[in-house]
Amino acid sequence: MEGKIRRNFDQIVTAAKSLLKNIKIEEDISVKRALLKISGKYETFEVKVTEIIDEKKRKYAYYLINKGVVEYGCDNAPDIKALKIRYGKDYSRHLHEPIPHSHGKGKKTIELTDEMDAKKFFEKIKVFKK
Amino acid sequence: MATVSIKSNYLEMLSTIGRVESIVEEAVRKYLIDKCVERLEKAKLKLREFEKQYNCQYPDFYLKISDEKQLEKIEKKYPTWEADLAEWEYWQKEFEEWKAKLEEILIKS
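If you read the sequences in order, they're chains A and B. So for the first sequence, our numbering puts the first residue at 1; every next one is plus one. So for the second sequence, our numbering puts the first residue at 1001; every next one is plus one.
In short, the hints are calculated from the structure, not lab data. Here a beta-carbon is modelled for each residue, glycine too, at the ideal position from N, C-alpha and C. Among the hints, a few may not be true.
To be verified - Selected chain A positions facing chain B (Cβ under 7 Å, derived; list incomplete): (1) Thr50; (2) Ile52; (3) Val70; (4) Lys107; (5) Ile110.
Claimed, not checked - FRET-style restraints, in silico, Cβ to Cβ: (6) Lys57(A) to Leu1071(B): 17 to 25 Å; (7) Gly1018(B) to Lys119(A): 41 to 49 Å; (8) His96(A) to Lys1042(B): 20 to 28 Å; (9) Thr1016(B) to Glu2(A): 35 to 43 Å; (10) Ser1005(B) to Arg7(A): 27 to 35 Å; (11) Thr44(A) to Val1028(B): 23 to 31 Å; (12) Val1024(B) to Ile85(A): 20 to 28 Å; (13) Ile25(A) to Val1028(B): 27 to 35 Å; (14) Lys1108(B) to Ser18(A): 43 to 51 Å; (15) Gly104(A) to Val1024(B): 57 to 65 Å.
To be verified - Derived SDA-like pairs: lysine to any residue, alpha-carbon spacing no greater than 25 Å straight-line: (16) Lys1108(B) to Val31(A); (17) Lys1069(B) to Tyr1058(B); (18) Lys24(A) to Lys120(A); (19) Lys17(A) to Val127(A); (20) Lys32(A) to Lys1069(B); (21) Lys37(A) to Leu1047(B); (22) Lys1076(B) to Gly104(A); (23) Lys1108(B) to Ile1023(B); (24) Lys1101(B) to Cys1036(B); (25) Lys89(A) to Leu1047(B); (26) Lys119(A) to Lys129(A); (27) Lys1077(B) to Glu97(A); (28) Lys37(A) to Val127(A); (29) Lys21(A) to Lys1099(B); (30) Lys1073(B) to Thr109(A); (31) Lys81(A) to Gly104(A); (32) Lys17(A) to Ser102(A); (33) Lys119(A) to Tyr91(A); (34) Lys1064(B) to Ser92(A); (35) Lys56(A) to Ser1066(B); (36) Lys48(A) to Gly68(A); (37) Lys48(A) to Gln1053(B); (38) Lys1044(B) to Lys1093(B); (39) Lys1076(B) to Ile110(A); (40) Lys4(A) to Ser18(A).
Work out the full structure: start from the sequences and follow the hints.
Shown next, in the form of structure tokens:
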């Protein structure tokens, strides 16, 4: 498992290095899980990437931040706002369920999405070029 | 029990000190304890950072983000809380598992 995770993390780091400046990378590979955190600058924006492989599950959170305010973000956290969109009144029965979604400017909008990955996120943020 | 190869010059030196099997077993035990402690310390440090930032422990944070009003407050102050949640859970699990491993070594030996 470790080799596969390392290759995956290396690909994300390579993609990040080709797009971001002042890049900082934090990596932890343990027995059952692995963590990759990347932060850097894209144009005038701050970019934060968190990727976790926990046994066979993936957790991710990617943000494009403008002066402390999320400009665009996507993650699969069990966000109750996203759960409400998918399950309506039944959302409380799914409270711990990962749910892929995206956030708009200032996190004022939220949309359900397909599973995202860091490469797709890096492509997506290119439209925010100033 | 498993068989492990050891360089012959090490083996020779070890046999002058005492019973090779016992020495190797004790060395491996010490190594594993050190490894567990190292991981526990790292996890504890990370957990403390999150606990200080959110002024609660991981299970309480999970409850807070499951409540719409509390989540609203958290989101205002920490708009990237989802990344913190994922990482916090990571270190919480690491802490619990390495602690269990250390206890197992200490109890069984």
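Hint check:
1. For the restraint placing Thr50(A) at the interface with chain B, the shortest Cβ-Cβ distance is roughly 4 Å, inside the 7 Å limit, so the hint holds.
2. The beta carbon of Ile52(A) is positioned within 7 Å of a beta carbon in chain B (closest approach about 5 Å), and the interface hint is therefore held.
3. With a least beta-carbon distance of about 5 Å to chain B, the hint placing Val70(A) at the interface is held under the 7 Å criterion.
4. Taking 7 Å as the C-beta cut-off, the interface hint given for Lys107(A) holds, the closest approach to chain B being about 6 Å.
5. Hint on Ile110(A) is violated. Least Cβ distance to chain B is approximately 11 Å, over the 7 Å limit.
6. Checked against the given bound of 17 to 25 Å, the beta carbons of Lys57(A) and Leu1071(B), roughly 22 Å apart, stay inside it.
7. Distance hint for Gly1018(B) and Lys119(A): a CB-CB separation of about 56 Å, inconsistent with the stated range 41 to 49 Å.
8. Checked against the given bound of 20 to 28 Å, the beta carbons of His96(A) and Lys1042(B), roughly 26 Å apart, stay inside it.
9. For the hinted restraint 35 to 43 Å between Thr1016(B) and Glu2(A), the CB-CB distance of approximately 38 Å keeps it satisfied.
10. Checking the proposed 27 to 35 Å range against Ser1005(B) and Arg7(A) shows it holds: the Cβ atoms sit about 29 Å from each other.
11. Distance hint check for Thr44(A) and Val1028(B): the Cβ-Cβ separation is about 53 Å, which falls outside the suggested range of 23 to 31 Å.
12. The hint said 20 to 28 Å for the Cβ distance between Val1024(B) and Ile85(A), and at roughly 58 Å that hint is violated.
13. Ile25(A) and Val1028(B) have their C-beta atoms about 32 Å apart, which keeps the hinted 27 to 35 Å range intact.
14. For Lys1108(B) paired with Ser18(A), a C-beta distance near 49 Å keeps the hint of 43 to 51 Å intact.
15. Distance hint for Gly104(A) and Val1024(B): a CB-CB separation of about 60 Å, consistent with the stated range 57 to 65 Å.
16. Restraint check: the Cα-Cα separation between Lys1108(B) and Val31(A) comes to about 21 Å, which is no more than 25 Å; the hinted pair holds.
17. Pair hint Lys1069(B) plus Tyr1058(B) holds up; C-alpha atoms about 18 Å apart against a cutoff of 25 Å.
18. Of the pairs offered as hints, the one joining Lys24(A) and Lys120(A) holds, with about 20 Å between alpha carbons and a cut-off of 25 Å not exceeded.
19. Using a Cα cut-off of 25 Å, the hinted pair Lys17(A) and Val127(A) holds, with the two alpha carbons roughly 18 Å apart.
20. Between Lys32(A) and Lys1069(B) the alpha-carbon distance is near 34 Å, which puts this suggested pair outside the 25 Å criterion.
21. For the suggested pair Lys37(A) and Leu1047(B), the alpha carbons sit about 16 Å apart, so the restraint of at most 25 Å is met.
22. In summary, the hint linking Lys1076(B) to Gly104(A) is supported, as the alpha carbons are separated by about 15 Å, within the 25 Å threshold.
23. Using a Cα cut-off of 25 Å, the hinted pair Lys1108(B) and Ile1023(B) holds, with the two alpha carbons roughly 17 Å apart.
24. Between Lys1101(B) and Cys1036(B), the direct Cα distance comes to roughly 7 Å. Compliance with the 25 Å bound is thereby established for this hinted pair.
25. The straight-line distance between the Cα atoms of Lys89(A) and Leu1047(B) is roughly 34 Å, outside the 25 Å bound, and the hint therefore fails.
26. For the given pair, Lys119(A) sits about 17 Å from Lys129(A) by alpha-carbon distance, which is consistent with the 25 Å threshold.
27. Our distance criterion of 25 Å between C-alpha atoms is met by Lys1077(B) and Glu97(A), whose separation comes to about 24 Å.
28. Using a Cα cut-off of 25 Å, the hinted pair Lys37(A) and Val127(A) holds, with the two alpha carbons roughly 23 Å apart.
29. With a C-alpha separation of about 38 Å, the suggested pairing of Lys21(A) with Lys1099(B) is violated against the 25 Å cut-off.
30. For a cut-off of 25 Å, the pair hint linking Lys1073(B) to Thr109(A) stands: about 17 Å separates their Cα positions.
31. A distance of roughly 13 Å separates the Cα atoms of Lys81(A) and Gly104(A); the hinted pair therefore holds under the 25 Å criterion.
32. For the given pair, Lys17(A) sits about 23 Å from Ser102(A) by alpha-carbon distance, which is consistent with the 25 Å threshold.
33. Straight-line distance between C-alpha atoms of Lys119(A) and Tyr91(A) comes to about 30 Å, which puts the hinted pair past the 25 Å bound.
34. Of the supplied pair hints, the one linking Lys1064(B) and Ser92(A) holds, its CA atoms being roughly 14 Å apart against a limit of 25 Å.
35. With a C-alpha separation of about 24 Å, the suggested pair Lys56(A) and Ser1066(B) falls inside the 25 Å cut-off, and the hint holds.
36. At most 25 Å may separate the alpha-carbon atoms for a hinted pair to count; Lys48(A) and Gly68(A) meet this at roughly 12 Å.
37. A C-alpha spacing of about 18 Å is found between Lys48(A) and Gln1053(B), which places the hinted pair at or below 25 Å, so the restraint holds.
38. Distance hint between Lys1044(B) and Lys1093(B) is fulfilled; the C-alpha atoms sit about 11 Å from each other, no more than 25 Å.
39. A C-alpha spacing of about 15 Å is found between Lys1076(B) and Ile110(A), which places the hinted pair at or below 25 Å, so the restraint holds.
40. Distance check on the hinted pair: Lys4(A) and Ser18(A) sit about 22 Å apart at the alpha-carbon level, within 25 Å; holds.
The structure fails hints 5, 7, 11, 12, 20, 25, 29, 33 (numbered hints given earlier, in ascending order).
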